[in-house]
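K.L.:
Listed below, chain by chain, are the residues.
Protein chains: 2
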Amino acid sequence: MRMQSEPAYRRLVNPYVPMRVFSDDQVAAIHAAALTILENQGMKVLSRGARERLRVDGAVHDEAAQTVRLDRALVGHCLGTAPREITLYAASSEHDVPLSGRAVAFGPSSGAPNVSDLQRGRRAGTLADYEDGVRLCQSYDVVHLLGAFTEPQDVPPPLRQLAMMHAQLRLADKIPHTFCRGAAQINDCFELVRRAFGLSREQFRERPCTYTIINTNSPLVLDAPMADGIVEFALAGQVQMITPFTLSGAMAPVTLAGALTLAHAETLFGLSLAQVARPGAPVVYGSFTSNVDMKSGSPAFGTPEYVKAQFGAGQMARFLGLPWRSSNATGSNIPDAQGAYESQMSLWGALLGGSNFVLHAAGWMESGLTSSFEKFILDVEQLQMLAEVLQPLGGDGNGISHAYRPLLAGESPGDDADATLRANRVYRRALADYQTPARDPAVLEALDDYMRRRTDAGGSPPQT
Amino acid sequence: MRMQSEPAYRRLVNPYVPMRVFSDDQVAAIHAAALTILENQGMKVLSRGARERLRVDGAVHDEAAQTVRLDRALVGHCLGTAPREITLYAASSEHDVPLSGRAVAFGPSSGAPNVSDLQRGRRAGTLADYEDGVRLCQSYDVVHLLGAFTEPQDVPPPLRQLAMMHAQLRLADKIPHTFCRGAAQINDCFELVRRAFGLSREQFRERPCTYTIINTNSPLVLDAPMADGIVEFALAGQVQMITPFTLSGAMAPVTLAGALTLAHAETLFGLSLAQVARPGAPVVYGSFTSNVDMKSGSPAFGTPEYVKAQFGAGQMARFLGLPWRSSNATGSNIPDAQGAYESQMSLWGALLGGSNFVLHAAGWMESGLTSSFEKFILDVEQLQMLAEVLQPLGGDGNGISHAYRPLLAGESPGDDADATLRANRVYRRALADYQTPARDPAVLEALDDYMRRRTDAGGSPPQT
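For the protein sequence lines, the chains are Y and F, in the order given.
Residues 54 to 517 (this note's numbering) are what the first sequence spells out, left to right.
Residues 54 to 517 (this note's numbering) are what the second sequence spells out, left to right.
Next up, chain Y with everything else stripped away, as it sits in the complex:
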């Protein structure tokens, strides 16, 4: 019988043939159309430093418009140096995360300004909430990477990233997440990670052990923190997941092919900047394409259009041979049945599309405005169920010799409490039972020392 801690979930491999919405010809046509966009329009890059990096053959600059156009030979060359095999190395090797081939990994809801639970309601996130998010990620083997569960708004912005990274490294031993809000903050985070992992600068550059999300500003704009983040992550050899957020019918064309063409062009641009900064920089192909609700005009997630966009984006990533990141998203404002079925739609879309990494896999709610503690548990239950669906039957078809033991359905037999209420009990018990992984006191002291010095210096203001 399987227990809450389930090492079998630490390395997931997807045995199913990915779904397709495009023919091979359509995939090639989308790629060609994206190259044409990059040649004819290029992207507006709001960082002068990043633009200067792109002073290379095949790049055409218009400094007044802040645009850089890339010819297809340059993009092709950059695709040639991007690695196909990427692994994130954790402090503890049992938490290393391969991101290539048929590997599947999950990360938590990230970037939400708010958190929510049944006792305390919806409120602005704090460092205590963030730390609870880290503890929950560490508690379940099916959550492979840490993330930015909420924005701790009780910590001043110049110290916030330091506090978040310090919490990840103190409280857990899974892969930590770094935000891109300027070179100074990024390098603060890198210094903490180096100390936690005991790596020299040279060793760190050769060993991916933290990751970030690069969001373009669709259509065809790369803002300064993101452009600089691409460069900093490339130079440091750390993993960046370049993820255009395109809503068809809003900032992107209304057709699936059109929206994915735009997203593909933006990802190729970011990848090219990374490869020019450092050939061989590890880049993950990210996608986050959905539609707007036709009635309210607000973003909709977990929709049929979202599922098909995932199938299509997965085809584009495989066309390039790159690892592919997608998301578990819902527009539901509360952790109810709608949140559950929209998340299931998103998760099946991701897995059937062949996703290697699913961000926002646990806890995402309200179109990303809120991370919910109950939703985290509801999602972990679903992730564990899907992890079981991915497990091979074995050569003799012997697939029901163990039965999955649910977190919630079996939480309290005979109990008719709403699943959300049961999830509340489960998350509070997980936090009450939490045991911080053992750490070398010298490492903890080195982290504390760095934190003290940077705090005394006032931290680093975020780049905007």
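One should not assume that every hint holds.
It does not matter which identical chain is used: a pair holds within one copy or between any two.
Stated by the list, open to error - Listed below are the simulated SDA-like cross-link pairs for lysine to any residue, each with C-alpha atoms no more than 25 Å apart in a straight line:
#1 Lys348 with Asp469
#2 Lys348 with Gln444
#3 Lys97 with Gly129
#4 Lys348 with Pro60
#5 Lys97 with Thr134
#6 Lys97 with Val274
#7 Lys348 with Ala485
#8 Lys348 with Arg482
#9 Lys348 with Ala61
#10 Lys97 with Ala82
#11 Lys348 with Ala470
#12 Lys97 with Asp124
#13 Lys97 with Glu116
#14 Lys97 with Ala303
#15 Lys348 with Asp486
#16 Lys97 with Leu132
#17 Lys97 with Pro515
Bear in mind the hints are in silico, worked out from the structure with no lab data behind them.
Values in this document were obtained by computation on a predicted structure and should not be read as measured data.
Based on these hints, arrange chain F on the given structure of chain Y.
P.N.:
Relative to chain Y, chain F alone:
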């Protein structure tokens, strides 16, 4: 923008390649093992009449044990006469339902003794509840067949099937469902259907227009109403879906291959009885294999094991070339997040497994003990979303030119009500707005007349 009534959902075709859990060799081995079971053990058949039908070459009787063993040549011959193409013909041709190839159809929760809604709670079903279930099925194009939404316990058993069939034929024009509780009741239902569809007995026998579910009594028992039902449906040329209900770890082996081997053997036996009774009788391959919860010992649904069992059962049905029926099931006692994600697991398992007909697709709850009005709407939303996922993109990849308009997410913008509460509003509005399809008054009078005569005669007691 799509509306509640969506003719595009009336004919669904699954464009995706079905998932597999077994190799071709494993599929062949399961089939061979099932044939060996039928040859060596056979099935216990609790109807003498049905056993007498099986006095044919290749059948070995043990009348004391009430068992009939079938050799593989006989089963092979019967597989040869079973049709691969089956269509159910409705009163209105727009509601005809093809059940073969890549066709997909959905039917409602069936057979529940209880119904539930937020205002009235959980209670024994009545004829009024049953009629509301028929109206809801008729209201949504994504529900293709009628069913036995609840058991109307305010109608005496000898008149209950008459009342249910009369309600289906008066209130709707989709495919009606018939229960198997003895030849007398079945033939009452057939007589009503003939009158509603204006068919002579001969025409009726050549035109499948009602369906039933045959459940075996695993392991390897066929009770009298089911055995006689197989014969009656075969003789009448109406559609029977032979569905062993096997819970691995309870009445079936704990391995997936073992549980599916038993189910396959039982389905082959039922199919053989039908083909001996009338070669060419339309038989659908049904499966309902799940596992028991290891903690409580109660049946569990929508589990990872259930999904894999669906993938495997779909492979077995395709191996025989028969249409395949599966189910949308959940163990949740209320229409909450657990009910939603277990149903999504079940539905994806069915569609990815290549199911042609999904029974219990809307409204099933509490392991089948209750049909819920709110769950019906929550499920219809999910069925519509999945129906959209099945829609082709079109040759130009133009897939987001319309966006799915949700029943619930868009029900009331800015409304944070729980999805279950919103589903309650939607189902009550659907019933308030319900318009009975127009019917020839002479037909209605013929139905009333038959009902009066049978009611005056006391109806037909159910066979037990």
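K.L.:
Looking at the structure, which of the earlier hints fail to hold?
P.N.:
Per hint list: zero violations.
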